[in-house]
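Q: Chain by chain, the residues:
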Amino acid sequence: MVTNASSPGRRGLFDFLVQRVSAVILALFALCVGGWFAVNPGAGHSELAGYLGTPVMLAFASLAVASLIAHTWIGMWMIGTDYLRPHYFGRVARGVRLACQVGVGLVLMAYGAWAITVIWRIA
Amino acid sequence: MQVSVYRFNPDQDESPRMQDLDVDLPPDRDMMVLDLLEMLKAKDPSLSYRRSCREGVCGSDGMNMNGRNGLACITPLSEVVKRDRLELRPLPGLPVIRDLVVDLTQFYKQYERVKPYLINDSPPPDQERLQSPEEREKLDGLYECILCACCTTSCPSFWWNPDKFVGPAGLLQAYRFLADSRDTGTAERLADLEDPFSVFRCRGIMNCVSVCPRDLNPTRAIGKIKSMMVTRGT
Chain D
1 MVTNASSPGR RGLFDFLVQR VSAVILALFA LCVGGWFAVN PGAGHSELAG YLGTPVMLAF
61 ASLAVASLIA HTWIGMWMIG TDYLRPHYFG RVARGVRLAC QVGVGLVLMA YGAWAITVIW
121 RIA
Chain G
1 MQVSVYRFNP DQDESPRMQD LDVDLPPDRD MMVLDLLEML KAKDPSLSYR RSCREGVCGS
61 DGMNMNGRNG LACITPLSEV VKRDRLELRP LPGLPVIRDL VVDLTQFYKQ YERVKPYLIN
121 DSPPPDQERL QSPEEREKLD GLYECILCAC CTTSCPSFWW NPDKFVGPAG LLQAYRFLAD
181 SRDTGTAERL ADLEDPFSVF RCRGIMNCVS VCPRDLNPTR AIGKIKSMMV TRGT
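Line order of the protein sequences matches chains D and G.
For the first sequence, my numbering begins at 1 and goes up steadily by one.
For the second sequence, my numbering begins at 1 and goes up steadily by one.
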């Protein structure tokens, strides 16, 4: 039995919208950065830092990091509730899922903190 | 042709097994899988499966034929037999009662959850609640479902969360009443489905569309339910 207790928003509609909006933000960010590399083929670190260091791109990069964290958290929760079930793990399924969710949360927090330091170093 | 049939009698067997049988088919004509099962049952009366109308209307003989769900009575052997071999299994994801007969309780529980009946508290008119032809047309592609369970039991999201995800058949019926101009329970119906599992567990895999013997499209209906929720919830 899977419960809703650890659902990020506890509401399917909220999670659904966060997944879609964060996916669009990530796609746009990837297009912006990928497009920049496409039109600046020989660019190095200093040129990239100059591009990402503008206020608009700093805000966009911060938004992309937040989107990545939200998207991954909800996505991993869904994967956990699909696969980490008593059918495969028996009585310890709930503990396994909780441990995985805590692990995902810690990794995401670490990556988020690291990304913020990188972004602020550019700023 | 070789036929491999899933056999399980809980009164006698500890675990299920596949029974291999060689069958001589008439060379000059195609036949339906149900006809083949009737031939097998004539030889071995203990073989169990559900059947009734034998023309794709009652939805009784849903089963898995060479890995694909469908109705045995309207599936020609020429369509499913591969390399002169046919494997017949019960619908996946549900408890087996015996051989090809599954326990559909969970499927019907999910169907019951969507309140598959008209909700309208206004006093009924003298004769009937009328619909315009355009309003009636919105129910096409929805009301034809025969509840054979082929779609729901081919859906991985249902296999994983059968107690929480309504499944394609139930959601098709949910939208059938959401789309009905005579129904006034829209807010109540959508609120009942708004949790993370009931409808949002649909991943758009579209196995349901692929196997529906009536060529219905539950994935499109589910998409419309989500659109209604987004429109009303934002």
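No lab work stands behind these hints, which were simulated from the structure alone.
A virtual CB, placed ideally from N, CA and C, is assigned to each residue, including glycine.
Treat the hints with caution; some may be incorrect.
[As the list claims (entries may be wrong)] If the Cβ cut is set under 10 Å, some of the chain D residues that face chain G in the computed set are:
hint, residue
1, 47
2, 51
3, 82
4, 83
5, 120
6, 123
[Claimed, not checked] FRET-style restraints, in silico, Cβ to Cβ:
hint, chain 1, residue 1, chain 2, residue 2, range
7, G, 109, D, 121, 53 to 59 Å
8, D, 95, G, 215, 40 to 46 Å
9, D, 123, G, 137, 42 to 48 Å
10, G, 92, D, 42, 52 to 58 Å
[Said to hold, decoys possible] Over the 10 Å line for every Cβ pair with chain G, so calculated as not near, a few chain D residues:
hint, residue
11, 12
12, 29
13, 31
14, 37
15, 45
16, 66
17, 71
18, 73
19, 78
20, 81
Q: State for each hint whether it applies.
A: How the hints compare with the structure:
| no. | hint | in the structure |
| --- | --- | --- |
| 1 | 47 | violated, 40 Å |
| 2 | 51 | violated, 34 Å |
| 3 | 82 | holds, 5 Å |
| 4 | 83 | holds, 7 Å |
| 5 | 120 | violated, 33 Å |
| 6 | 123 | violated, 33 Å |
| 7 | G/109 / D/121: 53 to 59 Å | holds, 56 Å |
| 8 | D/95 / G/215: 40 to 46 Å | holds, 45 Å |
| 9 | D/123 / G/137: 42 to 48 Å | violated, 58 Å |
| 10 | G/92 / D/42: 52 to 58 Å | holds, 55 Å |
| 11 | 12 | violated, 4 Å |
| 12 | 29 | holds, 23 Å |
| 13 | 31 | holds, 23 Å |
| 14 | 37 | holds, 31 Å |
| 15 | 45 | holds, 40 Å |
| 16 | 66 | holds, 20 Å |
| 17 | 71 | holds, 15 Å |
| 18 | 73 | holds, 13 Å |
| 19 | 78 | violated, 8 Å |
| 20 | 81 | violated, 7 Å |
Hint check: violations occur at hints 1, 2, 5, 6, 9, 11, 19 and 20; the rest are consistent with the structure.
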